[in-house]
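Please work from the sequences and hints to get the whole structure.
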Amino acid sequence: MSCSKSNLVSPYLDKEMGADETIAFEAHARGCSRCAQKLEELRALHSAFSAVQSHQAPYGFSTRVLARAAELEKKKAPWYFAPLFVRFAEAAVLLVVVTLGILAGNAMTNGVPGRMAVNMTASLSLDLFEAAPPGSLGGAYLALMEAGNEK
Amino acid sequence: MMTVRNDDDISHINRFKEGDPSAFEAIVLKYQDKIYSLCRHMLGNAHDAEDAAQEVFLKAYQALPRFQPDASLYTWLYRIAANTCLDHLRKPVFESLFGPSGEGEGLVHDRASEAPSPERLYQSKQTDRALQEGLGKLSPKLRAIIILKEIEGLSYEEIADSLAISMGTVKSRIARAREELQKVMKKFREQNPQ
Ligand SMILES: [Zn+2]
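Protein sequence lines correspond, in order, to chains B and W.
Be aware that the first sequence starts at 930, since it is given in my numbering, and climbs by one per residue.
Be aware that the second sequence starts at -19, since it is given in my numbering, and climbs by one per residue.
These are calculated hints, taken from the structure and not from any lab test.
Just so you know, even glycine gets a beta-carbon here, dropped at the ideal spot from N, CA and C.
Treat the hints with care, as some may be off.
Covered stretches of chain B (chain W as the covering partner; in silico rule of three or more C-beta atoms under 8 Å from a C-beta of chain W) [said to hold, decoys possible]: (1) 936 to 946; (2) 970 to 983; (3) 991 to 1004.
Pairs of lysine to aspartate or glutamate residues, derived as EDC-like cross-links and limited to a Cα-Cα distance of at most 20 Å, are as follows [unchecked claim]: (4) B:K944 - W:E132; (5) W:K163 - B:E969; (6) B:K1003 - W:E170; (7) B:K944 - W:E138; (8) W:K(-3) - B:D949; (9) B:K1004 - W:E35; (10) B:K1005 - W:D0; (11) B:K934 - W:E159; (12) W:K151 - B:E1002; (13) W:K151 - B:E945; (14) W:K166 - B:E969; (15) B:K1003 - W:E5; (16) W:K166 - B:E970; (17) W:K39 - B:E1000; (18) B:K1005 - W:E35; (19) W:K151 - W:E170; (20) W:K(-3) - B:E1002; (21) W:K39 - B:E1002; (22) W:K151 - B:E955; (23) W:K151 - B:E970; (24) B:K1003 - W:D0; (25) W:K10 - W:D(-13); (26) B:K944 - W:E159; (27) W:K167 - B:E969; (28) W:K10 - W:D67; (29) W:K167 - B:E970; (30) W:K10 - W:E132; (31) B:K934 - W:E160; (32) W:K151 - B:D949; (33) W:K10 - W:D31; (34) W:K151 - B:D943; (35) B:K944 - W:E137; (36) W:K163 - B:E970; (37) W:K14 - W:D67; (38) W:K167 - W:E113; (39) B:K1003 - W:E(-2); (40) B:K934 - B:E970.
Here you go:
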């Protein structure tokens, strides 16, 4: 069984009571062994916390935060401003187009293995993308790959 | 709502809103240890703490233009930090709770200023372990409130502001957190006698 005033022990310990309440509780605790005991226990717990180690931010933390904040600023520039899902959508469309191209090439050159190999190489060649102007699907793809590599 | 007017903070915020990039750096440098420490105690390991603490400052960076000048910057940062940590803890893959300290973590220092005797040091390490164990077993909400009270030393009003809860909830949660901590620590000491 606990005392109905035991819920006052914590606020008393934390000095979160008014003066009158404090005096009244102290008078109560002198005559109530349960509250007196609980007060002792919570005092011990409170002093145990003084042994808890507090941690400092790791070396270079602020530099890393500031670099990421600068990245956020850069993303406000026109090209980068596109949300990530839009860039993913462009990449997905690109992938479908390339795949269809390869399949179509495959179908057209069916039975001519040598030619197919050339087509395949051409379809997968990165030269196509390098020639792409900035802002095009190719540019988006390259930027996406770059972003992926940074991770 | 509690408002601790801090002239430094007000000046940083005004400079930030005027576009001075050094203002944000000043805010990060001023509060990085407090925010990191809160995240470290909430999440229990250095890696997740760094992730979360970075996230806190980036959220703050984006929200600062809308920051109300009559609010307190540090309880506002604590609120972002508490919510960010609660979000981290909600992730189902979150398994790294209360692991070992990570490499490259900053100096870890005992809060007691005097040099303790070896015996005292051992006792405090045992106590620290018991407390870490206890904190890890508390629900994230109770953990957040007891860290803000006992480690960060916030008043009930500041805690209410930081966690966006009523004073009544602060009182009842602190009492419950202490009760549960006591239980877990008692069990830990029984299982790990000195
Ligand atoms: Zn009593």
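So, going through the hints one by one against the coordinates:
1. 936 to 946: Holds, because 6 residues of the stretch 936 to 946 of chain B bring their Cβ atoms closer than 8 Å to Cβ atoms of chain W.
2. 970 to 983: holds (count 11)
3. 991 to 1004: Our answer is that it holds, as 7 residues pass the Cβ test (under 8 Å) against chain W, meeting three.
4. B:K944 - W:E132: Judged against 20 Å, a Cα distance of about 16 Å means the pair holds.
5. W:K163 - B:E969: This hinted pair holds, its Cα atoms lying about 15 Å apart.
6. B:K1003 - W:E170: violated (56 Å)
7. B:K944 - W:E138: Holds. K944 (chain B) to E138 (chain W) sits at ~14 Å (cutoff 20 Å).
8. W:K(-3) - B:D949: Violated. K(-3) (chain W) to D949 (chain B) sits at ~45 Å, over the 20 Å cutoff.
9. B:K1004 - W:E35: OK: K1004 (chain B) and E35 (chain W) at ~17 Å, within 20 Å.
10. B:K1005 - W:D0: holds (17 Å)
11. B:K934 - W:E159: holds (15 Å)
12. W:K151 - B:E1002: violated (42 Å)
13. W:K151 - B:E945: holds (9 Å)
14. W:K166 - B:E969: Measuring from Cα to Cα gives roughly 15 Å; hence the hint holds.
15. B:K1003 - W:E5: Status holds; Cα separation ~17 Å.
16. W:K166 - B:E970: holds (11 Å)
17. W:K39 - B:E1000: At roughly 13 Å apart (the allowed maximum being 20 Å), E1000 (chain B) and K39 (chain W) satisfy the hint.
18. B:K1005 - W:E35: holds (19 Å)
19. W:K151 - W:E170: Judged against 20 Å, a Cα distance of about 29 Å means the pair is violated.
20. W:K(-3) - B:E1002: OK: K(-3) (chain W) and E1002 (chain B) at ~14 Å, within 20 Å.
21. W:K39 - B:E1002: Roughly 13 Å between the alpha carbons, so the hint for K39 (chain W) and E1002 (chain B) holds.
22. W:K151 - B:E955: Given that 20 Å is the threshold and the Cα spacing comes to 19 Å, the pair holds.
23. W:K151 - B:E970: holds (18 Å)
24. B:K1003 - W:D0: holds (16 Å)
25. W:K10 - W:D(-13): Roughly 13 Å between the alpha carbons, so the hint for K10 (chain W) and D(-13) (chain W) holds.
26. B:K944 - W:E159: holds (18 Å)
27. W:K167 - B:E969: holds (18 Å)
28. W:K10 - W:D67: violated (24 Å)
29. W:K167 - B:E970: At roughly 15 Å apart (the allowed maximum being 20 Å), E970 (chain B) and K167 (chain W) satisfy the hint.
30. W:K10 - W:E132: Since the Cα atoms of K10 (chain W) and E132 (chain W) sit roughly 15 Å apart, the hinted pair holds (cutoff 20 Å).
31. B:K934 - W:E160: Judged against 20 Å, a Cα distance of about 19 Å means the pair holds.
32. W:K151 - B:D949: holds (18 Å)
33. W:K10 - W:D31: Given that 20 Å is the threshold and the Cα spacing comes to 18 Å, the pair holds.
34. W:K151 - B:D943: This hinted pair holds, its Cα atoms lying about 10 Å apart.
35. B:K944 - W:E137: Answer holds: K944 (chain B) to E137 (chain W) is near 12 Å, not above 20 Å.
36. W:K163 - B:E970: Cα-Cα ~11 Å, so holds.
37. W:K14 - W:D67: Holds - the C-alpha atoms of D67 (chain W) and K14 (chain W) are around 19 Å apart, at most 20 Å.
38. W:K167 - W:E113: Judged against 20 Å, a Cα distance of about 10 Å means the pair holds.
39. B:K1003 - W:E(-2): holds (18 Å)
40. B:K934 - B:E970: holds (16 Å)
Violated hints, in rising order: 6, 8, 12, 19 and 28; the structure is consistent with all others.
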